[in-house]
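Note that the protein sequences, when read in sequence, are chains F and A. Just so you know, we're using our numbering here: the first sequence kicks off at 9 and counts up by one. Just so you know, we're using our numbering here: the second sequence kicks off at 15 and counts up by one.
Accuracy of the hints is not assured; some may be wrong.
[Unchecked claim] Subject to a maximum C-alpha distance of 20 Å in a straight line, what follows is the list of computed DMTMM-like cross-link-like pairs (lysine to aspartate or glutamate):
#, chain 1, residue 1, chain 2, residue 2
1, A, K158, F, E158
2, F, K362, A, E105
3, A, K139, A, E81
4, A, K158, A, E137
5, A, K158, F, D234
6, F, K414, A, E105
Honestly, the hints are just simulated from the structure, not real lab data.
Spelled out, the chains give:
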Amino acid sequence: MRFIAILRKDLKRMVGDRRAFAVNLLLPLLLTAIMGASFGGGFFGKGGISAIPVALVAADLPPMLRDRLAEGLEESGFFDVTWADSLDADRMVRQGEAAAAVVLPPDAGLRFLDGADISVAVWKDPASPLKAGIVEQVLTRGLVRYQAGEAAYLALWPDDDWSAAGSTEEFSFQEFLSGDFADVWRRWRRADTDPVLAETRARITRVMDRQVALSDALSSQVVVVDAQDQAQAAGAGEADDLNLYNVFLPGFAVFFLMFSVAAGARDLHREKVRGTLQRQLMGPVKPVQILLGKWGSAALQGMFMLTVLFLLGATLFQVNLGPDPWSLLVIIILTNTATAGLFLLLALVTPNEKTMDNLSTVIILVFALLGGTFVPIDAMPAWMQGVGQVALNYWANLGFTNVVAKNIPLAEATLPVVVLGWTTLVLMAANIFIFRFRLRRGGLG
Amino acid sequence: MNPMVIMSMVRLRFTRLLRDRSGLVWLIVMPMVFSFLMGNLLGDWSDQTTNLPRLVVYARDAGPSAEALLTALDGNDKFRLVRADSIVDQESARLAVEDGRITAALFIPARFSAAAAAGRSSELKLYYDSDRLSSQTVRTLLEKSALKVNAMASARSLVATGAAAAAVPVDSALAFDESRFDRLWNEPRVTLEAVTLGRVAEGGLNLTSSSQHVGPAYILFFVLMFMMVSAKDIVQEREQRTLARLMVSRASSLDLVLGFFAGGMAIGLVQSTILLVLNSLAFGLDYGDSPVGLILVIVLFAAISSAASILLGSLARSGAQADGLGTALTMVLAALGGLWWPLEIVPEFMQVIGRVLPTGQAITIFHDMIGRGHVLADILPLLGGLALWFVVLMILAIAGLRRLIAV
Numbered sequence: 009m010r011f012i013a014i015l016r017k018d019l020k021r022m023v024g025d026r027r028a029f030a031v032n033l034l035l036p037l038l039l040t041a042i043m044g045a046s047f048g049g050g051f052f053g054k055g056g057i058s059a060i061p062v063a064l065v066a067a068d069l070p071p072m073l074r075d076r077l078a079e080g081l082e083e084s085g086f087f088d089v090t091w092a093d094s095l096d097a098d099r100m101v102r103q104g105e106a107a108a109a110v111v112l113p114p115d116a117g118l119r120f121l122d123g124a125d126i127s128v129a130v131w132k133d134p135a136s137p138l139k140a141g142i143v144e145q146v147l148t149r150g151l152v153r154y155q156a157g158e159a160a161y162l163a164l165w166p167d168d169d170w171s172a173a174g175s176t177e178e179f180s181f182q183e184f185l186s187g188d189f190a191d192v193w194r195r196w197r198r199a200d201t202d203p204v205l206a207e208t209r210a211r212i213t214r215v216m217d218r219q220v221a222l223s224d225a226l227s228s229q230v231v232v233v234d235a236q237d238q239a240q241a242a243g244a245g246e247a248d249d250l251n252l253y254n255v256f257l258p259g260f261a262v263f264f265l266m267f268s269v270a271a272g273a274r275d276l277h278r279e280k281v282r283g284t285l286q287r288q289l290m291g292p293v294k295p296v297q298i299l300l301g302k303w304g305s306a307a308l309q310g311m312f313m314l315t316v317l318f319l320l321g322a323t324l325f326q327v328n329l330g331p332d333p334w335s336l337l338v339i340i341i342l343t344n345t346a347t348a349g350l351f352l353l354l355a356l357v358t359p360n361e362k363t364m365d366n367l368s369t370v371i372i373l374v375f376a377l378l379g380g381t382f383v384p385i386d387a388m389p390a391w392m393q394g395v396g397q398v399a400l401n402y403w404a405n406l407g408f409t410n411v412v413a414k415n416i417p418l419a420e421a422t423l424p425v426v427v428l429g430w431t432t433l434v435l436m437a438a439n440i441f442i443f444r445f446r447l448r449r450g451g452l453g
Numbered sequence: 015m016n017p018m019v020i021m022s023m024v025r026l027r028f029t030r031l032l033r034d035r036s037g038l039v040w041l042i043v044m045p046m047v048f049s050f051l052m053g054n055l056l057g058d059w060s061d062q063t064t065n066l067p068r069l070v071v072y073a074r075d076a077g078p079s080a081e082a083l084l085t086a087l088d089g090n091d092k093f094r095l096v097r098a099d100s101i102v103d104q105e106s107a108r109l110a111v112e113d114g115r116i117t118a119a120l121f122i123p124a125r126f127s128a129a130a131a132a133g134r135s136s137e138l139k140l141y142y143d144s145d146r147l148s149s150q151t152v153r154t155l156l157e158k159s160a161l162k163v164n165a166m167a168s169a170r171s172l173v174a175t176g177a178a179a180a181a182v183p184v185d186s187a188l189a190f191d192e193s194r195f196d197r198l199w200n201e202p203r204v205t206l207e208a209v210t211l212g213r214v215a216e217g218g219l220n221l222t223s224s225s226q227h228v229g230p231a232y233i234l235f236f237v238l239m240f241m242m243v244s245a246k247d248i249v250q251e252r253e254q255r256t257l258a259r260l261m262v263s264r265a266s267s268l269d270l271v272l273g274f275f276a277g278g279m280a281i282g283l284v285q286s287t288i289l290l291v292l293n294s295l296a297f298g299l300d301y302g303d304s305p306v307g308l309i310l311v312i313v314l315f316a317a318i319s320s321a322a323s324i325l326l327g328s329l330a331r332s333g334a335q336a337d338g339l340g341t342a343l344t345m346v347l348a349a350l351g352g353l354w355w356p357l358e359i360v361p362e363f364m365q366v367i368g369r370v371l372p373t374g375q376a377i378t379i380f381h382d383m384i385g386r387g388h389v390l391a392d393i394l395p396l397l398g399g400l401a402l403w404f405v406v407l408m409i410l411a412i413a414g415l416r417r418l419i420a421v
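Turn these sequences into a full structure, and let the hints guide you.
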């Protein structure tokens, strides 16, 4: 009964500052909402990369080809194309108005028809490496299809390589196809009587027949790459089981839980400074009960906070509460008992509240970084995953990820439960030992 | 205005700071630890091969075609090829890509090599994320490998055989010249040449690396964080009645406001300077070609942080409140302003919100100076934005502190 009385007293003290408590509740929700808005999900719609602004320099291309090129780039869904001259494109990229510029050489159209070498330039914005890199990759994929087709064509019909030395065409493709549609049509008809034009027309016909044949052949693929874009699927709502809040909310919840529990454990210093701890020690209560009261109240406060957070998360962001009613509850309880144990230990070994304040914040931030609050554990380098295992967040996040994000029952993923449970026991044993030791040495007086 | 009072308050602030050694951890050690760890998490300053995003390959075939395919994907500087030792189901792999644990997952079906040798079609399944550069690179390389195989097989199917070979039709060929194909494949006529504009091209700097974001971002974050958690000092001054003592001295309310402001700003400037130098020495960070621009952004950001700290300290009713709100505001401003992740990866409306905030403006100035080589004239609009934030926050801080003094 005395223990319950102490627990109730400490709990009342801790929740006394309702505004601080509200901040600890609201902040994880707010940051979860920001993460959701930034990376997509729920009512924020698609996150991630939006249409990438690209400047296109291709002044010499015939209007029909220019339009086709721009349409092709925009249809890919990645780009927002703006036509520009090379000076403008350079300025746009350097100012960050475009992530990249695609620059065709001045006589690209003619060189293409002549079979000459063409180098398409991609100017990338150094301050936008991701978007500029994506532009380069998408263009590379488009270009490599053309390169494959051309290599196959010329390996089959080497005589059609009119860029090769010794080509003796009297009338080139570009001359035949120059002008508007009416000009080309007139040449086509005149070829009935003009032998030079007739030869070119025959050649165009032959090349086109071969192109069509090759195109048909290329459509039957030996190796089919079925590339499924998860970013697009998520944006289109096709991945109906994807809810990034299931990952974000537990991470931030544990992060702010640590601030809240640390504040609760700091009460030991306040009671010492105000002399109320000494008064309790003189009373009929056992010293261990005082310690357990502090630990229990800090853990209970955290449990209440996490429970409310998950309920709010389920209501606001459709956060999953696990495959059964008790898996999440067990992880919440063990996370809090271990966290309260850790910060109580810190309160016992630090000389004053200020030092504990600074040290606990350092621990919370480093643990958050190593334990997977900011970056998913699986995405970390191997050595950091190893080091991260010393962080309490690591096991708490792993437990929550299993239950909330992966919907795995606790019975099928017991390691975080075992680690958090043992951590609680070890920390509390250490706390009791240090508390008694300091009491004997008069260090709590 | 009494400069002696203001100087005394600045001196007092520094004395307190130096006396509390654990505060120095916050000021210097933590930002450097964060820069190092985040740099590692994002792929810099460590063994590149182990830190890269993972392409996990689930191969049910180990024949020559599968090996050739994987060889083309091996040794890339954007991702790391990992051959999974067990086959997972495609749904689990898809989820792993979706939540960012791996950059892509590739499934090679059983008897893939046999099918390729016989010219039979077989399907590779690739789960990738178009928002990730490493993932896009995987797709490009995989498609390139597949294209080569497909183009060669398709071309061979057009070689006339049997009776047709006697009189080759126009859409068939006498032979497929593989060596010519290889030469054209390796030296294509139409090529793509990608260059990065700005300072990287000339200086050989590693400006596209994440360190150039992480370093400045955590300088800004911890300057703001330190100032905001220092807001509780004003609350303590009020609670311990030292503020009342100051008020009965020769100091005017303006002296007190300026004293608090100058103290905070001086600490912010010292902290920023030390961190800029340490980041430069430890991680080789480069801050661009505009020292004046660098000084101005640091001065303005320290001023904004100090003014915000006074405003918070004058509004909070308790130390715990100031602490909680200070942490909350810092985190929200950091997340929205692009200090935790570059603004370029978030949707347009989030970028707009970010660029309105002082954190977003300050980190954009750093990006512009470091990457784009912007000089003072180019960053003036953003500096103007920071100046506006400072004026607004300072007016509010003066009003808040004067109200506090008057009570």
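Consistency of the hints with the structure:
no., hint, result
1, A:K158 / F:E158, "14 Å, holds"
2, F:K362 / A:E105, "50 Å, violated"
3, A:K139 / A:E81, "16 Å, holds"
4, A:K158 / A:E137, "15 Å, holds"
5, A:K158 / F:D234, "13 Å, holds"
6, F:K414 / A:E105, "12 Å, holds"
The structure does not agree with numbered hint 2 stated previously, though it agrees with all others.
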